[in-house]
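**Q** Residues per chain, in single letters:
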Amino acid sequence: MTPNLTYVVTVGVLFAAGVTLLLERSLTRILLGVILLGNGVNLLILTGGNAGAAPIAGLAGQERMSDPLPQAMILTAIVITLGMTAFLLAMASRTWLLTGHDEVQDDVEDRRIVRLAEQDADLPDDVDALDDINDLNSLNGVNGGDPRRTHVTEPP
Amino acid sequence: MMTALVPLPVVMPLLGAALTLMLARRPNAQRVVSLTVLGAGLLVAAALLVLTSLHGPLVVEVGGWTAPLGIVLVADKFAALMLVVSAAVTLAVLVYSIGQGLADGDEETPLSVYHPTYLVLTAGVTTAFLSGDLFNLYVGFEILLVSSYVLLTLGGTENRIRAGTTYVVVSLLSSIIFLTAIGLVYAATGTLNLAQLAGRLDVLPENLRLMLQGMLLLAFGVKAAIFPLSAWLPDSYPTAPAPVTAVFAGLLTKVGVYAIIRTETLLFPGGRTGGLLLAAALLTMLVGILGAIAQSDIKRLLSFTLVSHIGYMLFGVGLTTVLGLAAAIFYVVHHILIQTTLFLAVGLVERHGGSTVLDRLGGLARVSPLLGVLFLVPALNLAGIPPFSGFLGKTGLLQAGAAQGHPMAWALVAGGLLTSLLTLYAVARVWNLAFWRAPRAEREGGDGGDGGGRSSVVTLPSLMVTSTAALVVLGVGLTAVAGPLFDLSGAIAGDLLDRVPYVRAVFPGGAP
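The listed protein sequences derive, respectively, from chains A and B.
The opening residue of the first sequence carries number 1 in the numbering used here; numbering runs sequentially from there.
The opening residue of the second sequence carries number 1 in the numbering used here; numbering runs sequentially from there.
No wet-lab data here; the hints were simulated from the structure.
One should not assume that every hint holds.
Just a sample of chain B residues kept apart from chain A, beta carbon distances all over 12 Å, derived [as the list claims (entries may be wrong)]:
| # | residue |
| --- | --- |
| 1 | Leu23 |
| 2 | Gly190 |
| 3 | Ala414 |
Listed next, the stretches of chain B that the computed footprint assigns to chain A, with coverage defined by at least 3 CB atoms under 8 Å from CB atoms of chain A [claimed, not checked]:
| # | region |
| --- | --- |
| 4 | 129-143 |
| 5 | 166-173 |
| 6 | 180-187 |
If you're wondering where the values come from, they're calculated on a predicted model, not measured in any experiment.
Glycine residues also receive a C-beta, built at the ideal position from the N, C-alpha and C atoms.
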């Protein structure tokens with residue numbers, strides 16, 4: 001069995017669009033991404049089974065029937081996606097109520113660590129800048145040596 | 001007749017959930033129903049463990065549809081063991097949360113939603129353990145995940161919504177990866193029955209198999225919180241109510257580990273990803289524990305040790321030897337109990353000291369020696385101090401690593417030892433700062449003892465203490481039954497690597 005090219009391309013586009021939306025900060029866009037991804041996966045599962053007549057006994061021969069199992073799975077997956085959509089919408093609405101926006105926020109602890117890292121990263125730059133001041137100072141014969149001291153006690 | 005027991009761990013909590021939902025206005029009736037359901041679940045699980053040990057795997061064809069067409073529930077020794085441990089843990093946490101709810105009223109945890117959701121979570125966990133079908137495994141995962149979303153965001157406070165968003169989005173992504181993998185597996189093999197897949201995947205081209213295996217590993221890796229897929233865990237777990245965090249930490253990641261063990265042994269034997277798993281295990285252990293050391297909040301610290309110790313289980317799985325797998329299974333049992341106990345104990349610390357931030361705590365051992373014991377024993381157990389089960393589990397893993405003898409295995413032996421030491425350091429730090437040093441008021445010059453007086457007034461609800469103590473005793477008791485348990489996990493590991501008992505149980509006449 002070879003998969004239908006239209007299906008495959010559609011699945012690809014749905015996945016690409018879904019992942020792009022998933023990378024957004026706004027919860028509503030993430031939700032749209034999840035829905036697109038969910039539809040993409042459903043179509044992918046459908047592609048995995050044989051196509052054919054409706055799988056009802058008596059309507060068609062067994063060989064000409066479509067595979068009913070992927071359809072059953074998709075039905076389950078649709079129900080799950082529906083539930084998740086409702087839950088994410090509720091969360092977005094709650095976030096909006098509480099904070100006035102629905103953006104996914106960084107963890108407090110993570111932000112603290114990032115700030116520390118930024119401070120560390122800033123330090124060498126400062127030292128370079130201070131070195132320049134220091135060079136000037138030593139030319140003027142003031143406060144030679146430690147760049148940090150120059151920073152703390154400005155020459156009068 | 002014996003097989004009638006198999007669906008009960010799934011059906012009972014679901015019926016219980018419906019019943020507790022109808023009894024939303026009667027908290028006492030809700031409690032009775034939940035306790036009855038989970039208590040009965042423990043008995044059924046224990047019976048299943050005995051039956052499967054005596055007679056081999058029990059199989060139920062749901063709805064009477066024969067095996068490859070319908071869905072099967074399979075209770076083998078591995079599933080039964082996990083059922084017993086999870087039932088014990090969920091029951092203890094339920095008692096703890098009832099104690100907390102009785103003491104607090106319904107402020108932060110609206111109990112009317114709590115009981116049904118908690119029971120549905122239990123049903124999801126048991127479905128995942130019993131499932132003999134890849135799609136049913138997905139459904140089990142979804143059931144437990146959706147209820148975990150609700151439990152994590154209970155009350156809808158700003159902090160919980162923020163933490164919950166990360167958790168929900170990451171979990172959704174892993175579910176989508178899992179579902180994609182299922183679609184591809186079905187397209188490649190035409191079946192989702194695990195026993196039938198075991199045969200059909202073997203004959204697929206090598207690269208296709210590797211891709212399917214990789215996708216499933218990725219999906220389960222997020223759920224099991226394996227580095228680098230673990231970043232969501234320490235951000236989301238600590239904000240939930242204490243009993244919720246405890247049951248999540250104990251069970252949910254282990255369901256991911258269970259799924260990894262099941263698929264790696266049954267569907268993709270041969271250990272082609274063994275090296276990858278070992279490398280991930282080493283990184284998970286080290287990155288996790290280094291993160292734990294840097295934390296200043298006990299809950300976050302424990303979440304990081306949780307990530308770190310997932311590495312131990314992965315280590316055993318990655319070795320792909322009977323010894324390694326047996327030690328990993330033993331470690332899963334040990335870790336479910338211990339990690340849950342620790343989070344429950346920290347919940348007590350939070351009640352007693354008013355916070356879980358290390359800077360604000362102090363002198364708890366003097367104020368409440370009982371609380372000290374309840375924290376110290378599982379903490380030492382986690383770090384792997386003899387004679388506790390943590391020591392035995394780690395020794396088993398290290399022996400298995402040494403026996404395999406590959407350079408990577410030796411690197412993991414070294415990494416495991418280092419992680420164990422650093423875990424000891426991390427929990428000792430908590431002990432010193434929160435329990436051992438002088439209370440905060442005294443440290444800051446003793447402003448009349450009023451600040452320190454608060455904690456001595458607090459009495460801990462007896463139900464919370466009792467359930468935590470029961471888990472502590474159970475954790476210590478693992479040492480006493482370590483011999484039989486190791487024999488059992490050895491037998492499980494043998495069966496898993498053999499694959500034949502599982503397949504023959506589902507298809508007595510050979511897989512079609």
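**Q** Work down the list of hints and note, for each, if the structure agrees.
**A** Here's how the hints hold up against the structure:
| no. | hint | result |
| --- | --- | --- |
| 1 | Leu23 | holds (23 Å) |
| 2 | Gly190 | violated (8 Å) |
| 3 | Ala414 | holds (28 Å) |
| 4 | 129-143 | holds (count 3) |
| 5 | 166-173 | holds (count 5) |
| 6 | 180-187 | holds (count 6) |
This entry does not satisfy hint 2, going by the numbered hints stated previously; all others are met.
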